[in-house]
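Using the sequences provided together with the hints, build the complete structure.
2 protein chains.
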Amino acid sequence: METHISFDDMMAMEKRQRTNLVNSAGGFKSVCLVGTKDKQSKTNLAVFNSIIHIGASPPLIAFIVRPDSVERHTLFNILETGYYTINHLNEKIYKQGHQTSARYPKEVSEFEAVGLSEDYKDGFLAPYVKESNVQFGVQFKERLDLTINGTILIIGQIDHLYFPKNCMHEDSFLDLEKANTITCSGLDSYHKTHRLERLSYAKPDKELETIGLN
Amino acid sequence: METHISFDDMMAMEKRQRTNLVNSAGGFKSVCLVGTKDKQSKTNLAVFNSIIHIGASPPLIAFIVRPDSVERHTLFNILETGYYTINHLNEKIYKQGHQTSARYPKEVSEFEAVGLSEDYKDGFLAPYVKESNVQFGVQFKERLDLTINGTILIIGQIDHLYFPKNCMHEDSFLDLEKANTITCSGLDSYHKTHRLERLSYAKPDKELETIGLN
Chain A
1 METHISFDDM MAMEKRQRTN LVNSAGGFKS VCLVGTKDKQ SKTNLAVFNS
51 IIHIGASPPL IAFIVRPDSV ERHTLFNILE TGYYTINHLN EKIYKQGHQT
101 SARYPKEVSE FEAVGLSEDY KDGFLAPYVK ESNVQFGVQF KERLDLTING
151 TILIIGQIDH LYFPKNCMHE DSFLDLEKAN TITCSGLDSY HKTHRLERLS
201 YAKPDKELET IGLN
Chain B
215 METHISFDDM MAMEKRQRTN LVNSAGGFKS VCLVGTKDKQ SKTNLAVFNS
265 IIHIGASPPL IAFIVRPDSV ERHTLFNILE TGYYTINHLN EKIYKQGHQT
315 SARYPKEVSE FEAVGLSEDY KDGFLAPYVK ESNVQFGVQF KERLDLTING
365 TILIIGQIDH LYFPKNCMHE DSFLDLEKAN TITCSGLDSY HKTHRLERLS
415 YAKPDKELET IGLN
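Quick mapping for you: the protein sequence lines, in order, are chains A and B.
Per this note's numbering, residue 1 is the first one in the first sequence, and the count goes up by one each step.
Per this note's numbering, residue 215 is the first one in the second sequence, and the count goes up by one each step.
Don't read these hints as lab results, they were simulated from the structure.
Among the clues, some could well be false.
[Said to hold, decoys possible] Listed below are the simulated DSS-like cross-link pairs for lysine-lysine, each with C-alpha atoms no more than 30 Å apart in a straight line:
id : chain 1 : residue 1 : chain 2 : residue 2
1  : A       : K130      : B       : K406
2  : A       : K42       : B       : K417
3  : B       : K320      : A       : K203
4  : A       : K165      : A       : K130
5  : A       : K178      : B       : K309
6  : A       : K192      : B       : K406
7  : B       : K392      : B       : K309
8  : B       : K320      : B       : K306
9  : B       : K392      : B       : K344
10 : B       : K420      : A       : K106
11 : A       : K206      : B       : K344
12 : B       : K253      : B       : K335
Shown next, in the form of structure tokens:
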């Protein structure tokens, strides 16, 4: 038996219920902390679950910002300084990560408020999250305004990538389970993963094979 | 100990290795089959792992298309007819889903080639995947060309949403594990999930609580 919910049904739902439904229905998502600072070196940290791979050559990553939310501090800092970090959530820090979504005043750094540590390395301006195992140093490249609902797509180039030794397979695939990275669904649900398998490159008339579990 | 890979290191990598690294580094992703048909009613099915939530009111969902890949058939059909379906992969069909990424000629329907069934309901033009448990009927709304690397963001409005009965929590959160939805990382790695917990809405100076595990 299946449930059918139409566009009209969704629009008739109470706002919070609709938000929960549509956010969770899209599937499992990458969940990361975006670290920034403003020109006065005040730091900011915010959780995002709309990270998207844009391309590998050059390496580009993007996420969606809602300017009417706490995310506006992140946006402001990125546009002001041009640099930010993206840090994977893991099992040890997902609660602190979730807590960064509280509406702290601008003068409060979420690093301090939730108990995560700023990390600076290789001369990069923006703060990494020390407790995160997979970290990107990102250079802002482009902002695309989605006029359809007022959100903004922020595209950046990956200038630095850090991850724990022994997490990379021979073909350069990064084993996120070894790095303890988790996933999320909806606005508030956090999940560990268990690999089913990696599958070989698909070709017509060729059987798929399990590849390199390392 | 950590590994550091810079932008220059990435650009110096062999193409396939760089693609694996950057695709996997972004985190776990939603993995779905996009079903379309052209004006001659020839169907097409393609796997996408760049699904992104755009907003809940109205309900909008998007994904990235690479026009130089097999994905161009999907793009062509969406622009020609204005409608498509998005269908979650689950544990039973992820191999068939992966196989849709093979370069079949335009006259071959991937539904038939990989052994998945077309499903039509509620008068919607595009084919759903019968074996998928969470299905969207989507109306094309907007195309945004990302000039930075030639990819295209396709934004659509969710006209219909289907999922198995008993998968929705009281607050309208959809329990994807109950629906058997899986996640992916990189280009070829498929994963089951295990919920850690759902966390309450974050507020400054308030402890987070575990909420509604249903």
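message = Between the alpha carbons of K165(A) and K130(A), is the straight-line distance 30 Å or under?
response = Distance of about 16 Å is within 30 Å: holds.
- Query: Keeping to a limit of 30 Å between CA atoms, is the pair of K392(B) and K344(B) held or broken?
  - Reply: With a Cα-Cα distance of about 17 Å, the restraint between K392(B) and K344(B) holds, given a limit of 30 Å.
Hey, K320(B) versus K306(B), does the alpha-carbon distance stay inside 30 Å? holds, 26 Å
Does the structure keep K130(A) and K406(B) at a Cα separation of 30 Å or less?
Answer holds: K130(A) to K406(B) is near 28 Å, not above 30 Å.
Has the given pair, K42(A) with K417(B), been kept, meaning a C-alpha gap of at most 30 Å? Holds, at roughly 21 Å.
Agreement of K178(A) and K309(B) with the hint, judged by alpha carbon distance not exceeding 30 Å
Holds, at about 23 Å.
Measure nothing beyond the straight line between the CA atoms of K206(A) and K344(B); if it is 30 Å or shorter, mark the hint as holding.
-> OK: K206(A) and K344(B) at ~24 Å, within 30 Å.
Worksheet item: Is K392(B) close enough to K309(B), meaning Cα to Cα at most 30 Å?
Response: The hint holds at about 20 Å.
Discussion item. Does K203(A) sit within 30 Å of K320(B), going by the straight-line distance between their CA atoms?
Written reply: holds, 14 Å
Margin query: Holds or violated: K192(A) and K406(B), Cα atoms, limit 30 Å.
Written below: holds, 8 Å
field: Pairwise hint evaluation, K106(A) against K420(B), where the allowed Cα distance is 30 Å at most
entry: Given that 30 Å is the threshold and the Cα spacing comes to 18 Å, the pair holds.
**OP:** Compare the distance between the alpha carbons of K253(B) and K335(B) with 30 Å, and conclude whether the hinted pair is satisfied.
**Re:** Given pair K253(B), K335(B) holds - Cα atoms ~18 Å apart, limit 30 Å.
In this structure, none of the earlier numbered hints is contradicted; all agree with it.
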